[in-house]
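*Asks:* Sequence:
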Amino acid sequence: MYEEPRDPFADDPDHAEALAPFEPELDDDDRADLLEDLHELEMFEKVLQPQGFRGVVVDCADCDEPHYFTWGLLMANLRGLLEANCAQVHEPAFDPDPAHYVTWDYARGFSDCWLKTHGQAD
Numbered sequence: 009m010y011e012e013p014r015d016p017f018a019d020d021p022d023h024a025e026a027l028a029p030f031e032p033e034l035d036d037d038d039r040a041d042l043l044e045d046l047h048e049l050e051m052f053e054k055v056l057q058p059q060g061f062r063g064v065v066v067d068c069a070d071c072d073e074p075h076y077f078t079w080g081l082l083m084a085n086l087r088g089l090l091e092a093n094c095a096q097v098h099e100p101a102f103d104p105d106p107a108h109y110v111t112w113d114y115a116r117g118f119s120d121c122w123l124k125t126h127g128q129a130d
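Under this note's numbering, think of the first position of the sequence shown as 9, with each following residue one higher.
Be a bit skeptical, because a hint or two may be false.
[As the list claims (entries may be wrong)] Computed beta-carbon distance windows for the label pairs:
(1) Leu-42 <-> Asp-103: 27 to 33 Å
(2) Cys-94 <-> Asp-20: 25 to 31 Å
(3) Glu-33 <-> Lys-124: 34 to 40 Å
(4) Cys-68 <-> Thr-125: 32 to 38 Å
(5) Glu-12 <-> Ala-40: 54 to 60 Å
(6) Leu-34 <-> Pro-58: 28 to 34 Å
(7) Asp-67 <-> Glu-11: 55 to 61 Å
(8) Glu-33 <-> Pro-74: 29 to 35 Å
(9) Glu-11 <-> Asp-38: 52 to 58 Å
(10) Asp-120 <-> His-75: 20 to 26 Å
(11) Pro-21 <-> His-108: 50 to 56 Å
(12) His-108 <-> Ala-84: 17 to 23 Å
(13) Leu-42 <-> Asp-19: 42 to 48 Å
(14) Arg-39 <-> Pro-16: 43 to 49 Å
These are calculated hints, taken from the structure and not from any lab test. Cβ coordinates follow ideal geometry from the N, Cα and C atoms, glycine included.
Given the sequences, and given the hints that come with them, work out the whole structure.
*Replies:* Okay, here's the thing in C-alpha cells:
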C-alpha cells in the first residue's frame, strides 16, 4: 500500500490573514476628493459623450502605457471606493480608439468652457 508523504507545512500556523491587502479607511478629505471626482466625471460624461468621447485616458507610470477608462467604469470604481473602500476588478478596454478618450485635464477644461457658454457656470 502506497502512503502519501506528510505535508511539510501541516503544523505551521495559518498566516493567511497577514496576506490580505491592507486597505486603510477613507478619511473625510479622501471621501470629499472622491465625491468631487465623481461629480466631475458625471459632468464630463454629460458634455463630452455627445461629442463622441467615451472616457478618460490615463498614462500609467508603472507600465508606461496609456489606460483607457469609460465614463461608467470610472464612476463605478469611484462608487466602489466610496461604498466598500475598494475598486472593482475590471477588464482593460479592448482595442480602444485613442481618438475617443481625453485626459482628465482636457475634460475639465472642456467642461468648464461648456458650462460658461451654456450659462451654468458657478
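*Asks:* Are the hints correct? Go through all of them and say.
*Replies:* Hint check results:
| no. | hint | in the structure |
| --- | --- | --- |
| 1 | Leu-42 <-> Asp-103: 27 to 33 Å | 30 Å, holds |
| 2 | Cys-94 <-> Asp-20: 25 to 31 Å | 29 Å, holds |
| 3 | Glu-33 <-> Lys-124: 34 to 40 Å | 38 Å, holds |
| 4 | Cys-68 <-> Thr-125: 32 to 38 Å | 33 Å, holds |
| 5 | Glu-12 <-> Ala-40: 54 to 60 Å | 57 Å, holds |
| 6 | Leu-34 <-> Pro-58: 28 to 34 Å | 33 Å, holds |
| 7 | Asp-67 <-> Glu-11: 55 to 61 Å | 57 Å, holds |
| 8 | Glu-33 <-> Pro-74: 29 to 35 Å | 31 Å, holds |
| 9 | Glu-11 <-> Asp-38: 52 to 58 Å | 55 Å, holds |
| 10 | Asp-120 <-> His-75: 20 to 26 Å | 24 Å, holds |
| 11 | Pro-21 <-> His-108: 50 to 56 Å | 52 Å, holds |
| 12 | His-108 <-> Ala-84: 17 to 23 Å | 19 Å, holds |
| 13 | Leu-42 <-> Asp-19: 42 to 48 Å | 45 Å, holds |
| 14 | Arg-39 <-> Pro-16: 43 to 49 Å | 46 Å, holds |
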